[in-house]
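Asks: Below are the chains, spelled out letter by letter.
Protein chains: 2
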Amino acid sequence: MDQQAKKTVLRAITYGLYAVSAEHDGERGIFTANWLSQASFVPPLVMVSVERDSSTLPLIRASGLFVVSPLLDGQKDLAGALGRPKARAGDKFATLDLAVVETASGQPALADAVGYLVCRVESETSAGDSVVIIGEVIEAAILQEGAPLEMRVAGFRHAG
Amino acid sequence: MDQQAKKTVLRAITYGLYAVSAEHDGERGIFTANWLSQASFVPPLVMVSVERDSSTLPLIRASGLFVVSPLLDGQKDLAGALGRPKARAGDKFATLDLAVVETASGQPALADAVGYLVCRVESETSAGDSVVIIGEVIEAAILQEGAPLEMRVAGFRHAG
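In order, the protein sequence lines correspond to chains A and B.
Taking this note's numbering, the leading residue of the first sequence gets 105, the next gets one more, and so forth.
Taking this note's numbering, the leading residue of the second sequence gets 105, the next gets one more, and so forth.
Extracted from the complex, chain A is given alone in its bound form (with noise of 0.2 Å):
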């Protein structure tokens, strides 16, 4: 295979900047994800990959329940700090003082940003070096006015 062919052609898929939440147990995850789509009308259902090590992992499976928050335009450097891994962050949420919101399903979410989407898991399927979770949106809500984040305008490359 053409390895510069891949990472360019994976490259011009189009994505946006989420922060994805869970809690579970008093403990609270939340990381930056671009790999993430709608994958049904009826029921809504959202896919997101999720990597293998994230440490939100093991709270989306323990509570079953994730939560979506698209950034908003100019919150590049919040998307940045999202990224980082909480072995090194530690709990973003009180390292980067971030406003939450409770949702009626008792997750956090982000105060900051476009709202967000509760969703319930339905499935976990293996994909490589991630998993693929699929979950129907059971809650949501507006929360700011504003364009979402596109990755490629962000300048982020978390592809290929």
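Just to be clear, a hint being listed does not mean it is correct.
What the hints assert, rightly or not - In silico DSS-like pairs for lysine-lysine, Cα to Cα no more than 25 Å straight-line:
1) A:K180 / A:K111
2) B:K180 / B:K190
3) B:K180 / A:K110
4) B:K110 / A:K180
5) B:K180 / B:K111
6) A:K180 / A:K190
Honestly, the hints are just simulated from the structure, not real lab data.
Given the structure is predicted, the values throughout are model-derived calculations rather than measurements.
Dock chain B against the given chain A, drawing on the hints supplied.
Replies: Positioned in the frame of chain A, the structure of chain B alone reads:
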């Protein structure tokens, strides 16, 4: 659930527009996808949500292969035309007089696109009105210079 919030936040997800094609036993199918993302670096995997009633889905299942071609900025009309169901549009390769590149694995790829990724199906997961296909990239080629077509720029709204 707040249905309007669900729609609004789901529409804050950022997408590109892609031609997805497959051929089996001389029958070809091609459609426009936006619910598509990389899913793993190692091995390189792509995930795509395909409607259950897609006429290309049986060809993907039978061949075990599909081709992803990121459309180019300016190909909005083509994205619209490829989105029409085969039942109404017929064999879109013929009716739209599409220029095709045959990949090493014998699959049809759109010649007018950023390039193509040939993916070998690794798994299929039920996802409401759709199925999520995860495939490993086994071939890749760059075909045209140019920026990818973004769904928000195209003005399409296949989300919510």
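Asks: A separate judgement is required for each hint: does it hold in the structure or not?
Replies: Evaluated hints:
| no. | hint | in the structure |
| --- | --- | --- |
| 1 | A:K180 / A:K111 | holds, 23 Å |
| 2 | B:K180 / B:K190 | holds, 19 Å |
| 3 | B:K180 / A:K110 | holds, 24 Å |
| 4 | B:K110 / A:K180 | holds, 24 Å |
| 5 | B:K180 / B:K111 | holds, 23 Å |
| 6 | A:K180 / A:K190 | holds, 19 Å |
Checked against the numbered hints given earlier, this structure breaks none of them.
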